[in-house]
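Number of protein chains: 2
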Amino acid sequence: MDGRGEDGAGGVGDVGGEAVKVRRKRMPRAERERQMLDAAVRTFGQRGYRAASMDEIAELAGVSKPLVYLYLNSKEELFTACIRREAAALTRAVRGAVAPGPADRQLWDGLRAFFEHTGRHPDAWAVLHSQARTVGEPFAAEVNALRAELVAFVTALLAAAAREAHQDPSLPDREVAGLAHALVGAAESLAGWANAEPDVSAREAAATLMNFAWAGLGDLMEGRRWSPPS
Amino acid sequence: MDGRGEDGAGGVGDVGGEAVKVRRKRMPRAERERQMLDAAVRTFGQRGYRAASMDEIAELAGVSKPLVYLYLNSKEELFTACIRREAAALTRAVRGAVAPGPADRQLWDGLRAFFEHTGRHPDAWAVLHSQARTVGEPFAAEVNALRAELVAFVTALLAAAAREAHQDPSLPDREVAGLAHALVGAAESLAGWANAEPDVSAREAAATLMNFAWAGLGDLMEGRRWSPPS
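Protein chains in written order, with my numbering: chain U, 1 to 230; chain C, 1 to 230.
In isolation and in its complexed conformation, chain U is listed as follows:
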């Protein structure tokens, strides 16, 4: 998927030119690396970063531990590679689901994709949402970059919807940014809830959030505000 070749060029860890010439090279490098990352995401997501061992990850991936180090360098770099891959997969899933159209349709499609992805990959979501923040600063920064990208995407979506609704006075940029933060925070929180509760489907989680948010956002787009009690 990320098109890395057998020669190791552009690999996640810089393993050095000649070190790549390992003996049993039946499988392309990209494929082997994918297996290691799959095993790592599963192990980190289920056990947590600190408790997860490189032995366990290597065994689950069906490779030797030295080979994991050869490809990914260290536990830290392996974890970083997991975060980056899973963050990219999540944003790709959400962006890919949203086509031009009415704002509520876009939001609904985006939310369903978000909850489908987080529900189908609970270990990846645990790595991104819980593990990466709990472990420490450099990893938290990686996840904040993902969060900033999702917020920017939602901000652009809401700003376009507000412009489309041609309100005057229009929804100020600052409020749109605030609304995007609220929506992303709500979605993150609900994803954790949906994965912890038995039998909450992606559709149900997305519908809960649409019911929570859309009528509110929808009113706002049309210029109808909630007003504080006197």
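By construction, these hints were calculated from the structure, which means they are not laboratory data. Values in this document were obtained by computation on a predicted structure and should not be read as measured data. Where a beta carbon is used, it is the ideal one built from N, C-alpha and C, also for glycine. Mixed in with the good hints there might be a few duds.
[What the hints assert, rightly or not] Computed footprint of chain C on chain U; a stretch qualifies when at least three of its residues, placed anywhere within it, have a C-beta under 8 Å from a C-beta of chain C:
#1 172-179
#2 214-220
[Claimed, not checked] Under 7 Å between C-beta atoms, here's a sample of chain C residues computed to sit facing chain U:
#3 Trp108
#4 Arg133
#5 Phe153
#6 Glu175
#7 Gly178
#8 Leu179
#9 Ala182
#10 Ser189
#11 Ala196
#12 Asn211
#13 Trp214
#14 Ala215
#15 Leu220
[Claimed, not checked] Derived, one-sided and incomplete: chain C residues facing chain U with beta-carbon distance under 10 Å:
#16 Arg92
#17 Ser130
#18 Ala140
#19 Ala180
#20 Ala205
#21 Ala206
#22 Gly218
#23 Arg224
#24 Trp226
Here the structure of chain U is known, so what remains is to put chain C in place on it, guided by the hints.
This is chain C only, laid out in the frame that chain U set:
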């Protein structure tokens, strides 16, 4: 505020009976401990757990470093004491602001109290929301307890509002729990945004979230659902 006496009974760190008899005892123990915690919250909130030094905290509190260790035992216990104190202060602020009344009024009062408190105590909020999760597991668990308490409070509020609206079919418990998770996640996310943006007032943050959420929740309470596009 927490009524600990000079004798150290019930103190945060178990410092042992005789160790408490320090020389310069002009100030009651509770007062001195409060000063240490104030200094610790400020330092942890601004520098992060790892970068913060006990020297710095002692200096800011105007006491010797041994005295900080005597009272709070270790950096870990000091940090835990900060989390517990600030979590209790935040839930107290929110609960104290909500009086019986219509659901939107309760929500508005609770949200204003939440954003006023997090805005007035940005270091405390950084400790609770960012630092505690970033540092590691035992601290993250402390913060999850706070989160669970806020979610339970909001769940009870929404469930009462839904019952009051006498809808049939009523809002299922599970959906109410989902909505509460969405609201708490949105509020957490907005508090970070409001503290990072210049000049976002507590009232503005609370109004943004009410506009985002209430018309949506309000419609739901009355049995009007958002429906997916066909």
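Here's how the hints hold up against the structure:
no.: 1; hint: 172-179; verdict: holds (count 5)
no.: 2; hint: 214-220; verdict: holds (count 7)
no.: 3; hint: Trp108; verdict: holds, 6 Å
no.: 4; hint: Arg133; verdict: holds, 5 Å
no.: 5; hint: Phe153; verdict: violated, 15 Å
no.: 6; hint: Glu175; verdict: holds, 6 Å
no.: 7; hint: Gly178; verdict: holds, 4 Å
no.: 8; hint: Leu179; verdict: holds, 5 Å
no.: 9; hint: Ala182; verdict: holds, 4 Å
no.: 10; hint: Ser189; verdict: holds, 2 Å
no.: 11; hint: Ala196; verdict: violated, 10 Å
no.: 12; hint: Asn211; verdict: holds, 5 Å
no.: 13; hint: Trp214; verdict: holds, 5 Å
no.: 14; hint: Ala215; verdict: holds, 4 Å
no.: 15; hint: Leu220; verdict: holds, 5 Å
no.: 16; hint: Arg92; verdict: violated, 22 Å
no.: 17; hint: Ser130; verdict: holds, 8 Å
no.: 18; hint: Ala140; verdict: holds, 5 Å
no.: 19; hint: Ala180; verdict: holds, 9 Å
no.: 20; hint: Ala205; verdict: holds, 7 Å
no.: 21; hint: Ala206; verdict: holds, 9 Å
no.: 22; hint: Gly218; verdict: holds, 8 Å
no.: 23; hint: Arg224; verdict: holds, 7 Å
no.: 24; hint: Trp226; verdict: holds, 5 Å
In terms of the numbered hints stated before, the structure departs from hints 5, 11, 16, listed from lowest to highest.
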